[in-house]
Amino acid sequence: MAGTIFTILFTIIIAALCIWALYYVIRAAVRAGIIDAYEQMGKVRTPVTKDDRLQAEREALQEERVRAIVADEQRKQAVKEARKADK
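Residue 109 in the numbering used here is what sits at position 50 of the sequence shown, and the numbering runs on without skipping anything.
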């Protein structure tokens, strides 16, 4: 008799712990979903860090390099076309 009472009590405690853990998992998921929704709506501003500024600067430099390469290739192509037209 005492064994079954302890078994039932143990089962109730384990079930309560599982429900408690599930509550916090669901709560964290809902909170993360709400924060994500606000970020997508643009209502949350994240502070700009030094790494963010460096990344933006790297991207700008890379874009500038690409533009320079494209302009150089276009210039070379124009020179080739001009030489062909002269002949």
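Read the hints as simulated data drawn from the structure, not as lab findings. Be careful, since some hints might not be right.
Calculated cross-link-like contacts (lysine to aspartate or glutamate; reagent style DMTMM-like; alpha-carbon spacing at most 20 Å) [what the hints assert, rightly or not]:
| # | residue 1 | residue 2 |
| --- | --- | --- |
| 1 | K135 | D145 |
| 2 | K143 | D131 |
| 3 | K135 | E118 |
| 4 | K143 | E132 |
FRET-style restraints, in silico, Cβ to Cβ [claimed, not checked]:
| # | residue 1 | residue 2 | range |
| --- | --- | --- | --- |
| 5 | G62 | A91 | 32 to 38 Å |
| 6 | V84 | P106 | 43 to 49 Å |
| 7 | D111 | Y82 | 52 to 58 Å |
| 8 | D95 | A137 | 47 to 53 Å |
| 9 | A74 | T105 | 53 to 59 Å |
| 10 | A87 | V125 | 30 to 36 Å |
Every residue gets a Cβ at the ideal spot worked out from N, C-alpha and C, and that includes glycine.
To see whether the hints hold, each was checked on the structure:
1. Distance restraint check for K135 and D145: the Cα-Cα separation of roughly 15 Å lies within the 20 Å cut-off, and the hinted pair is therefore satisfied.
2. In summary, the hint linking K143 to D131 is supported, as the alpha carbons are separated by about 18 Å, within the 20 Å threshold.
3. With a CA separation close to 26 Å, the supplied pair K135 and E118 exceeds the 20 Å bound.
4. Proposed proximity of K143 and E132 is supported: the alpha carbons are some 17 Å apart, at most 20 Å.
5. The beta-carbon spacing between G62 and A91, approximately 43 Å, falls outside the hinted interval of 32 to 38 Å.
6. Roughly 28 Å separates the CB atoms of V84 and P106, a value that falls outside the hinted 43 to 49 Å.
7. Distance hint for D111 and Y82: a CB-CB separation of about 35 Å, inconsistent with the stated range 52 to 58 Å.
8. For the pair D95 and A137, the supplied restraint of 47 to 53 Å holds, since their beta-carbon distance comes to about 49 Å.
9. Taking 53 to 59 Å as the suggested C-beta distance range, the pair A74 and T105 does not conform, at roughly 40 Å.
10. Distance hint for A87 and V125: a CB-CB separation of about 42 Å, inconsistent with the stated range 30 to 36 Å.
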